[in-house]
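Asker: In the order they appear, the protein sequences are chains A and B.
Be aware that the first sequence starts at 2, since it is given in the working numbering, and climbs by one per residue.
Be aware that the second sequence starts at 24, since it is given in the working numbering, and climbs by one per residue.
I should point out that these hints are in silico values taken from the structure, not numbers from a laboratory.
From the three backbone atoms N, C-alpha and C, an ideal C-beta is built for every residue, glycine too.
Hints should not be assumed to be uniformly reliable.
Over the 10 Å line for every Cβ pair with chain A, so calculated as not near, a few chain B residues [said to hold, decoys possible]: (1) P38; (2) L132; (3) A186; (4) F221.
Simulated restraints on C-beta separations [unchecked claim]: (5) L267/B with W188/A: 31 to 41 Å; (6) A39/B with D216/A: 28 to 38 Å; (7) M283/B with E272/A: 46 to 56 Å; (8) F60/B with E140/A: 23 to 33 Å; (9) V218/B with D180/A: 22 to 32 Å; (10) F84/B with V182/A: 40 to 50 Å; (11) T31/A with T260/B: 35 to 45 Å.
Listed below, chain by chain, are the residues.
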Amino acid sequence: MSAGSPAGTEPPIAPLLQARGLTVRFGKVTALDGLELTAPAGQVLAILGPNGAGKTTFVRAVATLVRPTSGELLVRGRDVVREAAGVRRDVGLAGQFAAVEPTMTGRENLEMTARLFGHGRSAARQAATAVIDQLSLAEVADRRTGTYSGGQRRRLDLGASLVGGPRLLLLDEPTTGLDPVSRREVWEAVRGLAASGTDILLTTHYLDEANELADQVVVIDHGRVIATGTLSELKASIGRDLIDVTVSDVGQAGAAGEILERVTMSPARLEPGSRHVTAGAPGGPAELAAVIGCLEDASIAVDEIGIRRPTLDEVFVALTGDPDTDRAPAAAGQMNNRRAR
Amino acid sequence: MTATQLTVPQPIRRPARTPNVPGASGQVALRALRKYFRTPGLWIMGIVQSAMFLFSFRYVFGGAIHAGPTSYVDFLVPSYVATIVLFTGGGIAVAVAEDKVQGFTDRLLSLPVPRYSLVLGRTLADSATNLWSIVTTAAFGFLFGFRLLGSWQEGLAALGLCAIYAVVFTVVFIVMGLFAPNAQAAQGMSLIAFVFAFISSAYVPATSMPGWLQPFSKYQPITPMVDAVRSLLVGSTSDLGLALAWSALLIAVFTPIAVMRYRK
């Protein structure tokens, strides 16, 4: 190997991703519907959206695995159709399934992928060793991956996408199906990679994952971008604080809800059988004071009361609409499960 | 300066070029071979299955089948070896379908590998495993009483022809795996091969079938292919041209389908 000679000339700093009217149809199903997006380089970008929103299709389009039906998608300035080979050199993909060969050891898997990226034998060996160190896989590297835990397998899969020195790492739901410890392992690995300067595009429907990892968030639904920005920008875009009240007696939750609605003039949210009531507070802290006064007048005992910024879950639901009415029953059920966590 | 360098993780270099066709195909093939030989269930079951079927034909059905002037074992073994891949090749379709469902194919397609090296690598590996089952099956044939009537050179020529068929059938099974939505479906689709194997001159003389079935048996590829193997064993090259023509046609039709289907 010649010492570090740059492979080809780098294009002038192009956006990481540029999608213009990106549409992908599978038969009658429209997965991406004129998606517009420009994402600068040098960041971790999270694509957020409910199941079936088009997240995976978008990642597969970036990885050149699906061709756009119409519109245009540029990855680091290269067109995914006309310059697919160049895009593939730039991109490392770790899909929803850990695509590692269970009958091969971790090291064998990494070396194979490195060879398929174009490395020679010794360069492939070096790349595999570097990735093993980087992702703390040394202990298990020479065991067959069939014996790995879920987290180890995902980390190895992540590693396999790294051995070609990609400019952009694509992670499609990197922690779906992992236990909390394994999730943290993968998060640590992703943070390490981001710190070392790799651009990362990840999809997730876990809001805490976006919170942990992403600099920039793109929310998509029905194959379109419905919001972009940093997490705090997104929270701010909902534009209002929330007042939370926890009453002492479940029987008074309804009355507390009515007071909240009367003061804030916005609908209160009250789960049946819960002591917890929430409503938007467009008037800010002044409304909190008014609510406290009214609750006292009505002799409603309160355990906790406060005003806060909306959580990411609330932002998400506000952006994508009410999942119960808007989506197929199965998908709605999953959304509810997630919110319940 | 050196101290900070030590703590910085070694950056992974980007390869200067994309892999060439032999290199990429070799890696794809190596992985498929490792999977096959490191999964005892796959290769041991392959051997057991081929021995079991041969045993049944030879000793169970064989007594009831009249193969003309030759003894049934000498009639059966050459064609059984020639068609063994039709029995064991379902595993190829299953492996290809699994790779697709489990994301392995996506990983390969996201890499800068030449597209046809996926098919080439897969074909190389599976042809090699098929060659292995041809040789082990032939060994069982001798064990169960088959003897060469001609010279050993003629025997080798017949085995070589079987090896060509192994490549042909491999490509066909790869295509089945690529069209199957999952492994179970691939397994089911590969049963189509049984129809061609059974309604041919491979295990019974075609003349013993009812008249309406004989045209299918006569004009489908398997009959001339096994007849050519039998001919070679007695030093004749009749049927060889037709058998090779069928082989070439099947390869020519199914290879482009496989390459295009992999791209999807």
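Asker: Taking the hints in turn, state whether each one holds.
Answerer: Going down the list of hints, with the structure as the test:
no.	hint	in the structure
1	P38	violated (3 Å)
2	L132	violated (6 Å)
3	A186	holds (26 Å)
4	F221	holds (33 Å)
5	L267/B with W188/A: 31 to 41 Å	violated (59 Å)
6	A39/B with D216/A: 28 to 38 Å	holds (31 Å)
7	M283/B with E272/A: 46 to 56 Å	holds (54 Å)
8	F60/B with E140/A: 23 to 33 Å	holds (26 Å)
9	V218/B with D180/A: 22 to 32 Å	violated (47 Å)
10	F84/B with V182/A: 40 to 50 Å	violated (58 Å)
11	T31/A with T260/B: 35 to 45 Å	violated (58 Å)
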